[in-house]
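If you're matching them up, the sequences are chains A and B in order.
For the first sequence, counting from 1, position 225 maps to 225 in UniProt numbering; every step adds exactly one.
For the second sequence, counting from 1, position 222 maps to 222 in UniProt numbering; every step adds exactly one.
Heads up, none of these hints are tricks.
Some chain B residues judged to face chain A by a derived CB distance under 10 Å, without partners named:
1) P29
2) L42
3) R224
Only pairs whose alpha carbons sit at most 25 Å apart, straight line, appear in this in silico DSS-like list of lysine-lysine:
4) K242(A) to K155(A)
5) K100(A) to K152(A)
6) K242(B) to K265(B)
7) K37(A) to K217(B)
8) K37(B) to K217(A)
9) K152(A) to K265(A)
From the structure, some residues in chain B lie toward chain A, with a derived Cβ separation under 10 Å:
10) D16
11) S32
12) E54
13) A63
14) E91
Since the hints were made in silico from the structure, they are not lab data.
Glycine included, C-beta positions come from ideal geometry on N, C-alpha and C.
Protein chains: 2
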Amino acid sequence: MSTSNPPSVISDSRFDPSFTSHVIAATGPNASPRARKVIGSLIQHMHDFARENEITIAEWMGAVDMMNWAGRMSDEKRNEGQLVCDVLGLESLIDEITFKLAAETSSPATASAILGPFFRHDAPELPNESSIVHGVDDGEITYMHGIVRDLKTQKPVEGATIDVWQASTNGLYEQQDEGQVEHNLRGKFRSDRDGRYAFYCLRPTSYPVPNDGPAGKLLEILDRHPYRPAHIHLIVQREGYKPVTTQIFDSEDQYLENDSVFAVKDSLVVEFKKIEGNEKAVRELEYPIHLRPVDGKV
Amino acid sequence: MSTSNPPSVISDSRFDPSFTSHVIAATGPNASPRARKVIGSLIQHMHDFARENEITIAEWMGAVDMMNWAGRMSDEKRNEGQLVCDVLGLESLIDEITFKLAAETSSPATASAILGPFFRHDAPELPNESSIVHGVDDGEITYMHGIVRDLKTQKPVEGATIDVWQASTNGLYEQQDEGQVEHNLRGKFRSDRDGRYAFYCLRPTSYPVPNDGPAGKLLEILDRHPYRPAHIHLIVQREGYKPVTTQIFDSEDQYLENDSVFAVKDSLVVEFKKIEGNEKAVRELEYPIHLRPVDGKV
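Next comes chain A alone, as it looks inside the complex (with noise of 0.2 Å):
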């Protein structure tokens, strides 16, 4: 006979004890069993989150004021709720937990949800040894290059899409800045007969989250920097196979440690090295990408 201990309740709350459950319990029959739970579950750890810290009125209506200046700061170009989330690493955590959905469930479109806000869908198709860097003078360009393999047989894949796109040397995507021309710093590249891809990109720069709103002030208040370090998009697809979608980071980057929206993995660091004789690049990194076969079609 084994024993347990009953889990305990903490009653040793100051304030009304019924006020939680009395408002979760106002949800109506007709909300979705999905509504219920998550919205149920928002309300009690917001309204612990309240007791535990005796949140005041003040402090309240001041985290309500940097809501709406959120709000009103965002358009098509900039999301600054996200923002403010990323800051509090929650975009990085709900990541973790779709990507480990996907790997569950399979589900195209779970897997398509993590992506970012920066992706496109129509980036161009470009040959293999092309260049995905138009007017931009104070990079450095480098030779990305690796072969896709079936990660069970270790065989060349032939045909997958290498979709790739990382911002400028301001800190900026090109949907973001005028000043870049449309697709800029994208493409989309096909594995060869030997799972060869290989194209010029910008050895990525590291370069500061907007920090004139709400996501601003609360690194301010938290006594934090607003850099992400260095880091290049990859989303890899084949039919028969699992997409990987993916940020790899540089290895010499000073934010590797603190990124400020907490993205890097150890996995995801990769060397850019110094190379000599190629006219087009001063850099190199070699990327080999290994696909994980499903059962059937997808």
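Fit chain B to the given chain A structure using the hints.
Below, chain B without anything else, positioned relative to chain A:
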């Protein structure tokens, strides 16, 4: 010798167990102790919420869109971010917390914060027996009166100010409504040498909170109605006494049990009695007020 169990640690998460402490530890050395505590707790609750419910990117982006929408709707006359909190019970809870802190600390700054968004410091001083109702045809005029007494001695208190404000029959306060004259439905009265105050106001009516924005969307998702029960706001002040800030609710209101913003407390429910023979009013509310003396000057 007493036995005690160590606090149990929830370690069965499917997700990186060190991520949240990593985010909290990013707070810099110059953050204030209060910001460190409160925002650290906020991060912990946000992350626990996301993990417990396995929030997906699609769900999170839906919430971010609603947050940004709230900000875009907000201006001097409307605070939608506040309203979103209200329908989740947060304002009412934070009122309770702040009231309790105010009662314990006697801080005038804390006390004045609980006046709510529609209070105005510049309400007109009016003589007793006058009316605060202008240009409202569809309401029941109420004769509200009572005696202000010292809670300890039960003797009448002369010279207390009774600041009153209420919404019109369309559910709007005057500063929200271009159809109402400046300072409509608000006034400041003073108790006479017998402690007596008296004025004419509206019998308040229930009204829906604005539901054309994200707060309304949230109510719809939760299968809840948007109505608030009818109420009148009061603040009573006199040097040497603790100020009293309150809302009083009509005992016959159909939404007393399910206020959409959860502000009703049993002690605040009052009866608007039918009267005859007063040519200015059809209802009467006798409302005695007791003020608690403070030691020393405020």
